[in-house]
Amino acid sequence: MIHVSLTHYLVVSAFLFSFGLYGVVTRKNAVMVLMGIELILNSANINFVAFSKFGNYGLNGQIMALFVIILAAAEAAIALAIVLNIYKTFAHVDVDKINNLKE
Amino acid sequence: MSLYDVIFYLFALVTLVSAFMVVTTKNIVHAAFYLLFTFFGVAGIYALLGADFIAVVQLMVYVGGILVLILFGVMLTNKITNVQIRSGSTNLVAAAVVIGIFAGALLTMMLNTRWLVNPGKTLITTIPQIGSLLVKQYVLIFELLGILLLIALVGAASIARKEEREK
Amino acid sequence: MSDITLVNLSLIILLLPIFGFTILIFFGKRFPKLYLLETTFLGIAFVLAAIIGFVKLGTLTEHTIIFQFTWIDFGKLPLFGHLKFILGVKIDNLTAIMLLVVTLISFLVHVYSIGYMHGDKRFSRYYAYLGLFSFSMLGIVLTHNLLTLYIFWELVGLSSYLLIGFWFEKKSAADAGKKAFLVNRVGDIGMFLGILILFTNYHTFTYDSIFAAIGAGHLPFNSPAWLTAAGILLFMGAVGKSAQFPLHVWLPDAMEGPTPVSALIHAATMVAAGVYMVARIFPMLTADALLVIALVGGFTSFLAATIAITQNDIKKVLAYSTISQLGYMVMALGVGSYAYGFFHLVTHAWFKALLFLGSGSVIQAMHHEQDIRQMGGLRKKMPITYYTFLVATLAISGVPFFSGFLSKDGLLLGTYAFGSLTGHILIPIFGFTVVVLTAFYMFRLVIITFHGEPRNQEKYDHAKESPKVMTIPLIVLAVLSFFFWYSPNPFSSESGWFISKWIPTPHSVVPENMRFNFMKTAGEAAGHVQNGGEAIVHSPMYMEALHHAHYPAMILSILLAALGIFLAYWIYQWKKVDPDMLADRFNWLYKFSLNKWYFDELYHATFVAGTVGLGKVLAWFDSNIVDGVVNGAAWVTRKVSQFSGAFDHYVVDGLVNFSAFASGFLGLVLKKFQTGKVQTYVVFVVFSVLILLLIFRPF
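Protein chains in written order, with our numbering: chain A, 1 to 103; chain B, 1 to 167; chain C, 1 to 699.
For the record, the hints were derived by calculation from the structure and aren't laboratory data.
Be a bit skeptical, because a hint or two may be false.
Claimed, not checked - No farther apart than 35 Å at their CA atoms in a straight line, the calculated lysine-lysine pairs in the DSBU-like style are these:
no. : chain 1 : residue 1 : chain 2 : residue 2
1   : A       : LYS88     : B       : LYS121
2   : B       : LYS26     : A       : LYS97
3   : A       : LYS88     : C       : LYS468
4   : C       : LYS468    : C       : LYS33
5   : C       : LYS672    : B       : LYS26
6   : C       : LYS677    : A       : LYS28
7   : C       : LYS575    : C       : LYS178
8   : C       : LYS380    : C       : LYS575
This one's a predicted model, so the numbers in the text were calculated from it and none came from an experiment.
Can you make the complete structure from the sequences, with help from the hints?
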């Protein structure tokens, strides 16, 4: 049996990314779309930390992961605020019914 | 197969299965709780990679902060009383096909690339080093992120605020 | 007591008021009794300052305590060098004395305000602002570098603005706040530039490091002129804050604020911050810079004293008197009479705060009447206020046995010696003239306000002595205005603690050829180069000049003060000469003084009107020239377009119609993709990435 290597982590992250993307594309509810985005950010973070360890880059990768987490927090707050605003305007949060961009 | 490997597979399994459930389950509240397990799994993976501080931050910020925010979002935008906390999906087939191909391409890339592997020594704890990096080399980014969070705070409050009624 | 304990105590003193401010700002409305907390904090701060003062001045007299740490270290930067910010606290005798002055006056004003501001609807906020001010002022006193000095400098400006405009419902108060803020800004720009010059050259904000670098022979941009420029630019900050000519116009207007605030900020402490700052940077001032400082100070003191003679608002008289006395201190520093300049700052703080608080007591008794022509005879109604006010008046007039005499005499002695050594006799002339004027206008104020018969019987009948919370601070300050606190000899302060022990004049670090001749050490005068020596500044020549001037200067100042007092009694008490007749005879002089030398009008006519005028010119230019050009261009364009319209109609339209048809067709096709749904777009993105992957094949 092969020992766990960098590739293992990368594969996990690739799957996580694909799931997240799938969630973003298919879900109707805006909050669910947000969850998909969080999955994508997590998969990117796994890559950062994994490369940081296996590529001998010191802690720089981890710092980047930390910054991504901070940004994710900010993004979640803003996105949620936008979702609430959408809810106030349309009385629902189904992204597939919100197609004002079309006009 | 060492204990390390076993733990890794366990965490990977938890992460991926719950992530899959997040994107497929109909019930939003369930999805949020599956997301909780995904975050736990990812935190475990961080810990396995020797990133103890990131793992703790992952738990504190994602589980303690973002997940709670998302649950708030669910509660505030759905009529809980109607028990209708369900959410449909669209374009299932087309999306599955495109993303399947995409995932395939991604996996091929991950597996076929010859990564430069040169593991450094694992630190017992990373916290002092991360702390000193944050206030020395990355101090500017660190400060900027602080300002960004402040802006996000104000912005979120101002976006979500109720419009004042016109007089 | 160890150094670090003293540093910790000083930091506690610094943080107590801001702590009170935070509490009051957030909870003041809910718990209206919280102002007592802030007052207690200041009381504690005063006790701690007294401990520091006792230890520092008593046992560690020769020892300067510096505590510093690196705040941010950016490392080596391209084009600049090593950039790091060091913050810290410096406690020397100057600091210890200033701590005492600031905390005690602040505490007394807090107590006094309980009576004076009683029933004000923003009572808590008033105390919060006082706390903010105390914090900022203590910061200025404690800091050991120019960076934090500048920050606290702006903070006192802000709290001053807030307190001047405290009754902002009154338009005049709001305007006065704005005026103070803007005028101060003019000075602060200079100060900022000065700091930048020093920082660009020495890469540090710390006073001692800058002095050390200058002392080692590094001049800013390798030019002596830049060193002078840096000194004068820094002094500009003091010109703004200490209300020196030509930026003195804000201080009289600042009297719109509550009277205790005038006592604390606009008489005793904040305006003295400018003097304190000049004292701090004293070692790096060149002879030219010192001369500028001395002339500005001397002229300011003369100017303000001549205005104070004719003012009828009790607070305005005191305000101009403050400007005049500040000019004295600045002049003293300028002539190298460092210790006396600072000494006068301290004595002036007590008796000027006392004068303001006393005037507040009068104003309150007269139901917010500030015109002295409505007062008179108040001596019998308000004995405590009268006698304390009289003590302060005697002190400020320079009568022996009071503190003001000691500091003023020493300061005048310095100008006298300076004049005789350098030939700039204008400076001592200003100094001695102001003695007469000061004694005259102060006694005029006392006589008109307290002596004689009441002029407004109705208000007089309602007047009564202020409550104890207001009179006790007056008594404390009056006690501090006697001589024995400062020197055992009532006629000379040379044997006093200030001059002989506490405030040694710092050694100048500027190159020898840029100093006044007399400001060299004995060694340098004899040809030895000596750097870094402490406290020996004056050459034997200077000491001799001082010695010669000693008795003439003292006798002259006593005589002149007596003359001023006598004139005031002659005119106002015994009414030998009718003041109105004098005003008629010297009509233009009287008008000139009454209208404050027309400075407000001058500034209004030049800067304000200039700005407005420039705006009008620009507006005219905009509406006539620019619009004309635009209109002309429009006419030409119209003609051209009429022609091209015809061309368009027949030739281009055909093409356009065709392309419209073509793009319409395309649009029909492309429209299918534009669903308006974000998710569809995401799929497109994924698809495009896939195509890119296919093209580049990274695997």
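Mind listing which of the numbered hints don't hold for this structure, in increasing order?
-> 1, 3, 7
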